[in-house]
Amino acid sequence: NAGVTQTPKFRILKIGQSMTLQCTQDMNHNYMYWYRQDPGMGLKLIYYSVGAGITDKGEVPNGYNVSRSTTEDFPLRLELAAPSQTSVYFCASSYSTGDETQYFGPGTRLLVL
Amino acid sequence: GNSVTQMEGPVTLSEEAFLTINCTYTATGYPSLFWYVQYPGEGLQLLLKATKADDKGSNKGFEATYRKETTSFHLEKGSVQVSDSAVYFCALASGGSNYKLTFGKGTLLTVNP
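Keeping their order, the protein sequence lines are chains A and B. Note that my numbering gives residue 17 to position 17 of the first sequence, counting from 1, and the numbers run on in steps of one. For any residue, its number in my numbering is found by taking its place in the second sequence, counting from 1, and adding 1000.
With the rest of the complex left out, here is chain A:
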């Protein structure tokens, strides 16, 4: 049982490039989330999903896109990278009922230059 896994661990992008951050969970959780963590700012919700085929915006969705074709996978897409997207990105998942605990992946550190 690997929990929540994220790839890559670290990436440097040039302004205007695109990339996909991968997230997979093996706990059969219906709910999945993407957060970004900026120094001293806590975590901000980018997008979330309540099940395969269903996604919705969080607090800071601009510049990002997501898809959820399976229960296990929830990739985050950056189409035109900007320096403001330099951050650490965390994926998380949780059960849909009865327990609000979220389980986090190890994070992806992204640097946009």
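Keep in mind that a hint or two might mislead.
Stated by the list, open to error - Straight-line alpha carbon distances no greater than 30 Å define the calculated BS3-like cross-link-like pairs of lysine-lysine that follow:
hint: 1; chain 1: B; residue 1: Lys1105; chain 2: A; residue 2: Lys57
hint: 2; chain 1: A; residue 1: Lys44; chain 2: B; residue 2: Lys1060
hint: 3; chain 1: B; residue 1: Lys1105; chain 2: B; residue 2: Lys1060
hint: 4; chain 1: B; residue 1: Lys1060; chain 2: A; residue 2: Lys9
hint: 5; chain 1: A; residue 1: Lys9; chain 2: B; residue 2: Lys1105
hint: 6; chain 1: A; residue 1: Lys44; chain 2: B; residue 2: Lys1052
hint: 7; chain 1: A; residue 1: Lys44; chain 2: B; residue 2: Lys1105
hint: 8; chain 1: B; residue 1: Lys1056; chain 2: A; residue 2: Lys9
hint: 9; chain 1: A; residue 1: Lys14; chain 2: A; residue 2: Lys57
hint: 10; chain 1: B; residue 1: Lys1105; chain 2: B; residue 2: Lys1052
hint: 11; chain 1: B; residue 1: Lys1056; chain 2: B; residue 2: Lys1068
hint: 12; chain 1: A; residue 1: Lys57; chain 2: A; residue 2: Lys44
hint: 13; chain 1: A; residue 1: Lys44; chain 2: A; residue 2: Lys9
hint: 14; chain 1: B; residue 1: Lys1068; chain 2: B; residue 2: Lys1105
hint: 15; chain 1: B; residue 1: Lys1052; chain 2: A; residue 2: Lys57
hint: 16; chain 1: A; residue 1: Lys14; chain 2: B; residue 2: Lys1056
hint: 17; chain 1: A; residue 1: Lys57; chain 2: A; residue 2: Lys9
hint: 18; chain 1: B; residue 1: Lys1105; chain 2: B; residue 2: Lys1056
hint: 19; chain 1: A; residue 1: Lys44; chain 2: B; residue 2: Lys1068
Worth flagging that the hints you see were computed from the coordinates, not collected in a lab.
Start from chain A and add chain B according to the hints.
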């Protein structure tokens, strides 16, 4: 909307000292409250939680009591260890069908031997 306010850090203590990290919240209804811990280079992991007023969450010597009258969920530990050095996040779940978490900004704790 929901919000979480945490004690500003960083906090530096000597081993075996008493720890308190203050957390207050604003929310509608009856949220669940959480403390997450982030060790260096890792993702967040649940430390403890409480789901209703007067509940006490506890784990690894840490405790926090859900105080509805003061809208607080302060984290305490009687005797900290070097291994407790980490960033601590207070969070609340808004309930309903989405279980979205609202995080505080985090408090960096450093424990010196």
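Cross-check of the supplied hints:
1. A C-alpha spacing of about 21 Å is found between B:Lys1105 and A:Lys57, which places the hinted pair at or below 30 Å, so the restraint holds.
2. Proximity of A:Lys44 to B:Lys1060 is assessed by CA-CA distance (about 27 Å); at most 30 Å being required, the pair is judged to hold.
3. Among the hinted pairs, B:Lys1105 with B:Lys1060 is consistent with the structure: their alpha-carbon atoms are about 22 Å apart, no more than 30 Å.
4. For the suggested pair B:Lys1060 and A:Lys9, the alpha carbons sit about 29 Å apart, so the restraint of at most 30 Å is met.
5. For the proposed pair A:Lys9 and B:Lys1105, the alpha carbon gap of about 23 Å is at most 30 Å, so the pair holds.
6. The hinted pair formed by A:Lys44 and B:Lys1052 meets the criterion: a straight-line CA distance of about 25 Å does not exceed 30 Å.
7. Between A:Lys44 and B:Lys1105, the direct Cα distance comes to roughly 10 Å. Compliance with the 30 Å bound is thereby established for this hinted pair.
8. For the hint linking B:Lys1056 to A:Lys9, the alpha-carbon distance of about 36 Å lies beyond 30 Å, and the restraint is violated.
9. Distance hint between A:Lys14 and A:Lys57 is fulfilled; the C-alpha atoms sit about 25 Å from each other, no more than 30 Å.
10. Distance hint between B:Lys1105 and B:Lys1052 is fulfilled; the C-alpha atoms sit about 23 Å from each other, no more than 30 Å.
11. In summary, the hint linking B:Lys1056 to B:Lys1068 is supported, as the alpha carbons are separated by about 12 Å, within the 30 Å threshold.
12. Only pairs whose Cα atoms come within 30 Å are accepted, and A:Lys57 paired with A:Lys44 is accepted, the gap being roughly 11 Å.
13. With a C-alpha separation of about 19 Å, the suggested pair A:Lys44 and A:Lys9 falls inside the 30 Å cut-off, and the hint holds.
14. As the CA atoms of B:Lys1068 and B:Lys1105 are separated by approximately 21 Å, the hinted pair is consistent with the 30 Å bound.
15. A threshold of 30 Å between alpha carbons decides the hint, and for B:Lys1052 with A:Lys57 the separation of about 28 Å falls inside it, so the pair holds.
16. A hinted pair counts as satisfied when its Cα atoms are at most 30 Å apart, and A:Lys14 with B:Lys1056 does not qualify at roughly 48 Å.
17. Of the pairs offered as hints, the one joining A:Lys57 and A:Lys9 holds, with about 24 Å between alpha carbons and a cut-off of 30 Å not exceeded.
18. Between B:Lys1105 and B:Lys1056 the CA atoms are separated by roughly 22 Å; this keeps the pair inside 30 Å, and the hint holds.
19. Of the pairs offered as hints, the one joining A:Lys44 and B:Lys1068 holds, with about 25 Å between alpha carbons and a cut-off of 30 Å not exceeded.
When each numbered hint is compared with the structure, violations occur for hints 8, 16.
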